[in-house]
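So the protein lines, in turn, are chains E and V. Using our numbering, the letters of the first sequence map in sequence onto residues 1 to 331. Using our numbering, the letters of the second sequence map in sequence onto residues 1001 to 1295.
A hint or two may mislead.
[Said to hold, decoys possible] Heads up, simulated DSSO-like pairs for lysine-lysine below, C-alpha to C-alpha not over 30 Å straight-line:
{"#": "1", "chain 1": "V", "residue 1": "Lys-1190", "chain 2": "E", "residue 2": "Lys-155"}
{"#": "2", "chain 1": "E", "residue 1": "Lys-197", "chain 2": "E", "residue 2": "Lys-14"}
{"#": "3", "chain 1": "V", "residue 1": "Lys-1083", "chain 2": "E", "residue 2": "Lys-155"}
{"#": "4", "chain 1": "E", "residue 1": "Lys-155", "chain 2": "V", "residue 2": "Lys-1016"}
{"#": "5", "chain 1": "V", "residue 1": "Lys-1002", "chain 2": "V", "residue 2": "Lys-1108"}
{"#": "6", "chain 1": "V", "residue 1": "Lys-1016", "chain 2": "V", "residue 2": "Lys-1083"}
{"#": "7", "chain 1": "V", "residue 1": "Lys-1108", "chain 2": "E", "residue 2": "Lys-155"}
{"#": "8", "chain 1": "E", "residue 1": "Lys-45", "chain 2": "E", "residue 2": "Lys-197"}
{"#": "9", "chain 1": "V", "residue 1": "Lys-1041", "chain 2": "V", "residue 2": "Lys-1083"}
{"#": "10", "chain 1": "E", "residue 1": "Lys-197", "chain 2": "E", "residue 2": "Lys-155"}
{"#": "11", "chain 1": "V", "residue 1": "Lys-1108", "chain 2": "V", "residue 2": "Lys-1083"}
What the hints contain is simulated information worked out from the structure, not anything from laboratory work.
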Amino acid sequence: MQLVCPAGSLPALKAAVRQGADAVYVGFRNDTNARHFSGLNLDDKQLESGLQLIRAQGRQLYIAVNTYAQPDGWARWQRAVDQAAALGVDALIAADPGVLAYASRRHPGLNLHLSVQGSATNAAALALYQQRYGIRRAVLPRVLSLAQVRQVAEKSPVPIEVFAFGSLCIMAEGRCHLSSYLTGESPNLCGVCSPAKAVRWQEDADGLTSRLNGVLIDRYGKDEPAGYPTLCKGRFLVGGQRFHALEEPTSLNTLDLIPQLAAIGVTAVKIEGRQRSPAYVEQVTRVWRAALDAYASAPQNFTVQPQWRSALDSLSEGSQTTLGAYHRSWQ
Amino acid sequence: MKLSLGPVLFYWSRAKLLDFYAEMAEQPLDAIYLGETVCAKRRALGLDDWLGLARELAECTRAELVLSGLALVEAASELSSLKRLCDNGELLVEANDMGAVQFLRERKLPFVAGPALNLYNGHALAELIDCGLQRWVPPVECSGALIRSTLEQLDGLGLARPEVELFAYGHLPLAYSARCFTARAENRPKDDCQICCESFPEGIVLHSQEGEALFTLNGIQTMSAKVNNLLADYAQLAATGADLLRLSPRAEGMAGVIAAFDTVRCGALPPVAVEGCNGYWHGRAGMLRADEVVL
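Go ahead and model the full structure; you've got the sequences and the hints to work with.
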């Protein structure tokens, strides 16, 4: 299985290459990609220098142009596709049918991957993208159980990539407007979720509160660790009970599932986190490279090393990890 | 302007559904959407029941009857049910997943693109028109300006506009998950949910710790807590190119809601303001209400 790692900056890209990523995915510095955070992503010069390194090391570079184009900004999405093609990237990751159509017609040689934002969770949906746009790989949303991943992979007309580690979207990617409901900005249209500019922290006698566009997302006692107020990971009141009604702050970690994913025939595993630091990319890539190599060299003897697990736990939200939807009981 | 009744997004018993549609058949509606779009485990009515209900309704209403498909299609069993739904041979289908679009495209059948399909620009719309789209229900987060410019972009491509149906009233369907939040709130595992969502005919309200109503938990679907209501914006809706207004069923009072919209489409002045929210339409956070903030 190929290891696909995130880079929101040139140092992160270098770290991923250094630690053995087979492919690195990046985005342009605008709202054409789903991690449109300020200060993040690569400019033209950094892209060229990153690509040189990738080529010298025999790795691959993918570019995500995976938000949904808005009519007024259509030229920006066209330009992003053209630029990716001109760079000679190894794959363009896209979700919008209009963008996919443009890319496949204008640049027939460009290798297209269906983004997780395309929200294709079944073989029929994948067939549509394959038949109309010639996609050669699809990234599955983090909503499928392992049995469902198997079912989809068996019938899929294209190789499958799945998320292996990182922040856990609990909603089907591309099918969540919670962020725009509270803040006006969504992953689909703006490439952001719970945008930083809408976040307010306030410390008072009772502790710390986090707000998103004025809405209280969570309140922390003096000794409680506080996390970024991603709106689905706050504590809310349901039926008078205060709890993480949607999801706890936790990260997806599927080291345990490597043998099953390999048996299913998954082509690539993806690490989430273009918004994370180069140090995060470095450590996660190192652990996953070691784990995948260990599995490849002796599949029957594969066991998750405790040091891998502890390294990843320390990089996870709330220092805890889950198998997420892959494991039926999470659902 | 036509009025449509969206599919029931909540889980109601068979008896409640049949009573509801008997009442709806008498309302001034131009289209009625039937079918289960949220969870495949909700089986008060199966496909054959829905088709039977459609035949009965056809006897007593002039409204067009449409069958809506599931939005999040994961298991192989769900995909084969969706295929059967697309093969129903009688009713127009509302596709809420690209899998349904694929089935309908293969059969060369026209379809409605539901709000769960991500169509945000004229080029994407053109792609789906090529697959058989004849009516577009934009994603609920789209502003009026975005819808207008999407249609203009389509005009620029030399394509005829499809019918446009706006989500004009009801709790907004905002997100879909593998997890069932109703079961979670009831401390049940999803595989042993005992269809507990049936106890909540309009979902469960999720409040912030300050008591602000934020979301409605409806099984694997998360909806707005507030009711989206575009009646005060009626003049703009028509000017934007809307052909139909979708009224999404609530547990009570739908006849009154339909009557209010019907009065305005027949010429009465729209109200200056209404309860609920309309921020999305105005290009703002969906939870906002135009007359409460400077838009």
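Here is how each hint holds up against the structure:
1. V:Lys-1190 <-> E:Lys-155: holds, 25 Å
2. E:Lys-197 <-> E:Lys-14: holds, 29 Å
3. V:Lys-1083 <-> E:Lys-155: holds, 15 Å
4. E:Lys-155 <-> V:Lys-1016: Answer violated: Lys-155 of chain E to Lys-1016 of chain V is near 38 Å, above 30 Å.
5. V:Lys-1002 <-> V:Lys-1108: holds, 26 Å
6. V:Lys-1016 <-> V:Lys-1083: Holds - the C-alpha atoms of Lys-1083 of chain V and Lys-1016 of chain V are around 27 Å apart, at most 30 Å.
7. V:Lys-1108 <-> E:Lys-155: holds, 22 Å
8. E:Lys-45 <-> E:Lys-197: holds, 27 Å
9. V:Lys-1041 <-> V:Lys-1083: holds, 17 Å
10. E:Lys-197 <-> E:Lys-155: violated, 43 Å
11. V:Lys-1108 <-> V:Lys-1083: Satisfied, since the Cα-Cα distance of roughly 14 Å is no more than 30 Å.
Against the hints set out earlier in the document, violations occur for numbers 4, 10.
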